[in-house]
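> For the protein sequence lines, the chains are A and B, in the order given. Take 0 as the starting number for the first sequence in numbering that gives the first Met the number 0 and just add one per residue. Take 0 as the starting number for the second sequence in numbering that gives the first Met the number 0 and just add one per residue.
Keep in mind that the hints were calculated from the coordinates and are not lab data. Among these hints, one or two may not hold up.
Listed next, with one range per pair, are the computed distances between beta-carbon atoms [claimed, not checked]: (1) Lys-97/B - Ile-120/A: 53 to 59 Å; (2) Arg-61/A - Gln-260/B: 32 to 38 Å; (3) Ile-99/A - Lys-114/B: 37 to 43 Å.
Glycine residues also receive a C-beta, built at the ideal position from the N, C-alpha and C atoms.
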Amino acid sequence: MPYCSKCGVEVDIGIEKCPLCSLPIQQFPDEEQKQPSKKKYPDEPVEHPAKRILTPKEKRIRAWEIISASIMIPLLIVTFTDLIIAETISWARFPMIALILVWLLCTFPLVFPTRPVIMIIGIAISLIGFLVLVDYFADWDIDWFYKLALPIIALVLFLSVAVVIVSTKVKKKGMNIAAFILFAAGILNLGLDLIIMSTIQHKVTVTWSLFVLVPTFIIGGFLMYMHYRFTKDTDFKTKIKAKFQM
Amino acid sequence: MNETTKMGSIEHPIALTQEEKNKIRSYRMDNAAVLFSFVCNKRITCLFRLSATLTDPINVNLLQKALDRIIERFPYYRVNQRPGLFWFYWETNLGIPKVIADSKYTSQEMPMRKKGIFPFRIRAFQNRIAVEFYHGLTDGTGGLTFLKALVAEYLTLKGIQTDDWGDILQYSQKPLDEEYEDAFKRYYQPMYPKHKLLEVAFRLPHKLEPLGIFHMTTGISDVKEVLARSKELNVTLTEYLSAVYIDALQEIYYELPEKMQKKLAKPIRMMIPVNLRRIFPSKTMRNFSLFITPGIDPRLGFFSFEEILETVYHYMRVEVNDRHISQQIRRNVRGELHPLMRITPLFIKRIGGRFVYSRMGEKLYSGTITNLGRVTMPEAFSNEIENIQFLPAPTPSNKASCAVASFKDKLYINFGRVIKDSIVERKFFRKLKKQGISVKIETN
């Protein structure tokens, strides 16, 4: 019977490597003529068939289904609670539109992930629609929406789109992305200040937003400097080490 | 599969009436099963396996017929695990267990919590009949009794006739009430002191294989050779093999990088199940085994093989007796019967159960060696059987474990492992070979 010269154990005829140490088993011509031993186990495992891997699209659709079902439950609860107690839809309209907004905000990125224009327009319309309804449902009149909500949404959308476009356009990504976000945050605060003050005091003036704007631009500027000054040279770490060597 | 085997002509009288057969009963789980019901999952499948290789290919239809008959003799195995509010329990499963094809990797997960699932599998491959038993249902002794009854029934249907059935349970017999009992509770001594909790043991640091891969290495030796060597050393066969296993683990430990040795410096301890039916008389067909844990501590320096053997020998002499085992029974049963434990809902028990199993079970030992002993069959059946083997369940904590059984003149040492490297078997079988014992290796 063939055996492993290292382990000293015998193996079946036809086995090429030692099952213990993987050393090739010496084959002898007279043994080669003998019938190889029968298989001890089947070649394939029966349990644990390869798990079906979902495609990204299937994953998204599944996530969308789960989110939709999860939102449907509280939506039905608030609707029926209001209907049973007040016999009409009264306070429930607010949680209802909030839940629908959440559903829409999840739906656009999950259903149209490769179509950014549809995604952005969809999200914008959803937000605008939500705020219009909140304003309208409060006193059955649209008042603060035009002065406050619409300009703020426009500003937020404009800045978000701008940051995304600029970030995708730049060749080297790093600290500059953080700087763009900081700049956008500063401008957003400035815009909020202007919109709110012009609505409340009826005059265009800048007050608290300067305390946000200045630090964000200073820190953002510093990040831009770090990014473009040091990443031009390939080895940023070496440069820093050299600057601070003791 | 060969489908041409002649059908047997012997028909047994039916032991149970139709009404008795279809009566749905529920059984409380035995003390060991309670813990297994909490911990079994994809990795810890809690499935051990017994197989009988016959001289002729298996006729699957005939095997199915034998199974249909013999399952009625074992009503306590014809069950399904069901969840209660506080515990899992067994409920009669009126379905019919089916013979299925064998797999490359044995003892893989069984969806135990699904309705209608039998807690065992019967598999056929070429000349081999294999049963994979959920450890919550029974232990090795119960599993072997079932396999022997199934093989005997199959061979009878094939036309093998004998008057000598030995200890084999027959289709025509009515099950005894004692076969259903939870013997742990029968021998529970509430006044005994607590059993001391052991320190966590050294475990192999190797990375686990992906889920579903379970390597099996079988070492086949001449039982007389191993017994002669054990006798020469004045120890039993189990003690001898345990000492070789510990020695192999010690070698693995000392081959680790120094940093890792320091990190893993813990006792090297074996888990050796003991069939309690030999100490406490019982005919139970459910779990009735506990384990003892001989070992060495590498922090005390290197142990020679003789020193290991001496340690194992004396440890076994001290621990394997009714008093010490009773202490273990007391600890386990008391945990189950404690009023606070009883009123805790099942979902909380399941979380706690995993912790208990880990801390009081699998983390306490570095390897497992379970010896079913000499398996015998009446001569007429024995002539038709090539071998009977015992295979361990996958243990992700120990990474490798060993199950031993002897049939006729051969000793079958089966190592199951969930790591890629066959380091444990390699060291173990090389050591046996060095001691003059010839070994033949087979794998899956």
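> Hint by hint, say whether it matches the structure.
Now for the hints, and whether the structure bears them out:
A beta carbon spacing of about 58 Å between Lys-97/B and Ile-120/A agrees with the range 53 to 59 Å that was offered as a hint. The beta-carbon spacing between Arg-61/A and Gln-260/B, approximately 48 Å, falls outside the hinted interval of 32 to 38 Å. Between Ile-99/A and Lys-114/B the CB atoms are about 39 Å apart, so this pair conforms to the stated range of 37 to 43 Å.
This entry does not satisfy hint 2, going by the numbered hints stated previously; all others are met.
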